[in-house]
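> Residue strings, one per chain:
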Amino acid sequence: EAGVAQSPRYKIIEKRQSVAFWCNPISGHATLYWYQQILGQGPKLLIQFQNNGVVDDSQLPKDRFSAERLKGVDSTLKIQPAKLEDSAVYLCASSLNRVGNEQFFGPGTRLTVL
Amino acid sequence: AQSVTQLDSHVSVSEGTPVLLRCNYSSSYSPSLFWYVQHPNKGLQLLLKYTSAATLVKGINGFEAEFKKSETSFHLTKPSAHMSDAAEYFCVVSPMNRDDKIIFGKGTRLHILP
Numbered sequence: 001e002a003g004v005a006q007s008p009r010y011k012i013i014e015k016r017q018s019v020a021f022w023c024n025p026i027s028g029h030a031t032l033y034w035y036q037q038i039l040g041q042g043p044k045l046l047i048q049f050q051n052n053g054v055v056d057d058s059q060l061p062k063d064r065f066s067a068e069r070l071k072g073v074d075s076t077l078k079i080q081p082a083k084l085e086d087s088a089v090y091l092c093a094s095s096l097n098r099v100g101n102e103q104f105f106g107p108g109t110r111l112t113v114l
Numbered sequence: 001a002q003s004v005t006q007l008d009s010h011v012s013v014s015e016g017t018p019v020l021l022r023c024n025y026s027s028s029y030s031p032s033l034f035w036y037v038q039h040p041n042k043g044l045q046l047l048l049k050y051t052s053a054a055t056l057v058k059g060i061n062g063f064e065a066e067f068k069k070s071e072t073s074f075h076l077t078k079p080s081a082h083m084s085d086a087a088e089y090f091c092v093v094s095p096m097n098r099d100d101k102i103i104f105g106k107g108t109r110l111h112i113l114p
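Those protein sequence lines, which keep their order, are chains A and B.
Residue numbers 1 to 114, in the working numbering, belong to the letters of the first sequence in order.
Residue numbers 1 to 114, in the working numbering, belong to the letters of the second sequence in order.
Since the hints were derived computationally from the structure, they do not count as laboratory data.
The model shown is predicted, which means the values in this text are computed figures rather than measured ones.
Treat the hints with care, since some could be wrong.
Claimed, not checked - Taking lysine to any residue pairs in the SDA-like style, the calculated list, with each CA pair at most 25 angstroms apart, reads: (1) B/Lys-101 <-> A/Lys-15; (2) A/Lys-44 <-> B/Ala-54; (3) A/Lys-15 <-> A/Leu-39; (4) A/Lys-62 <-> A/Gly-28; (5) B/Lys-42 <-> A/Ile-13; (6) B/Lys-101 <-> A/Ile-13; (7) B/Lys-106 <-> A/Asn-51; (8) B/Lys-49 <-> A/Glu-85; (9) B/Lys-49 <-> A/Tyr-10; (10) B/Lys-101 <-> B/Glu-15; (11) A/Lys-44 <-> B/His-10; (12) B/Lys-106 <-> A/Asp-74; (13) A/Lys-11 <-> B/Gly-43; (14) B/Lys-42 <-> A/Lys-71; (15) B/Lys-58 <-> A/Lys-71; (16) A/Lys-71 <-> A/Asn-51.
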């Protein structure tokens, strides 16, 4: 069974530039999550999708971050414009469903904003 | 509302001695609880999960955790530490109803002394 795929693995940009991350979840998983993990901290949930609908985006900085999951499969997370404090690892995870299920994590995208 | 508290940010044990990583949770409902491990520059991997079946849960690599409802705890243990156990460990509470959120603890860094 293929795992959660993410790309790119690494990205370096300058502040005020834009960046996009891509995630392909495990086939058949209805729930998809994007997390931000700043160095030395635990993952923080940015947005959660159930199929192609948003379940929770309460911690997503909506003035600069956006995400979509068209057709309920793969997803993109965008930052525009980036700030220095956005430097972090962005993790994508998926689960069969949103209640009580194990999450499977991708390898993450390490973003450095200069 | 749910919450999770990892009581120690760092734990150091000698190789071959027992490991105890503490986690307390708060939930209005009987939650699903997970422990994930993150090795340096690696993705998050599920160690074990509790989903209202047996209260003593066995996971990978010799780890286990006991769900204690009276103490609202889900501590992670291992009888004998190995150098390869050095990593960051996260306790996670996952919703069992649609109004709650997934919450990661802040993590416990486990150091293994030779």
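> All hints, please: hold or fail.
Hint check:
Proposed proximity of B/Lys-101 and A/Lys-15 is contradicted: the alpha carbons are some 31 angstroms apart, above 25 angstroms. Restraint check for A/Lys-44 and B/Ala-54: not satisfied, since their Cα atoms lie roughly 29 angstroms apart, outside the 25 angstroms limit. Between the alpha carbons of A/Lys-15 and A/Leu-39 the distance comes to roughly 18 angstroms, so the proposed pair stays at or under 25 angstroms and holds. A distance of roughly 28 angstroms separates the Cα atoms of A/Lys-62 and A/Gly-28; the hinted pair therefore is violated under the 25 angstroms criterion.
Straight-line distance between C-alpha atoms of B/Lys-42 and A/Ile-13 comes to about 22 angstroms, which keeps the hinted pair within the 25 angstroms bound. The hinted pair formed by B/Lys-101 and A/Ile-13 fails the criterion: a straight-line CA distance of about 32 angstroms is larger than 25 angstroms. Only pairs whose Cα atoms come within 25 angstroms are accepted, and B/Lys-106 paired with A/Asn-51 is rejected, the gap being roughly 28 angstroms. The hinted pair formed by B/Lys-49 and A/Glu-85 fails the criterion: a straight-line CA distance of about 33 angstroms is larger than 25 angstroms.
With a C-alpha separation of about 30 angstroms, the suggested pair B/Lys-49 and A/Tyr-10 falls outside the 25 angstroms cut-off, and the hint is violated. Of the supplied pair hints, the one linking B/Lys-101 and B/Glu-15 is violated, its CA atoms being roughly 36 angstroms apart against a limit of 25 angstroms. For the hint linking A/Lys-44 to B/His-10, the alpha-carbon distance of about 20 angstroms falls within 25 angstroms, and the restraint holds. For the hint linking B/Lys-106 to A/Asp-74, the alpha-carbon distance of about 28 angstroms lies beyond 25 angstroms, and the restraint is violated.
At roughly 17 angstroms between alpha-carbon atoms, A/Lys-11 and B/Gly-43 fall within 25 angstroms of each other, so this suggested pair holds. Restraint check for B/Lys-42 and A/Lys-71: the C-alpha separation of about 29 angstroms exceeds 25 angstroms, so the hint is violated. A threshold of 25 angstroms between alpha carbons decides the hint, and for B/Lys-58 with A/Lys-71 the separation of about 37 angstroms lies outside it, so the pair is violated. Under the criterion of a C-alpha separation no larger than 25 angstroms, the hint pairing A/Lys-71 with A/Asn-51 is consistent with the structure, at around 8 angstroms.
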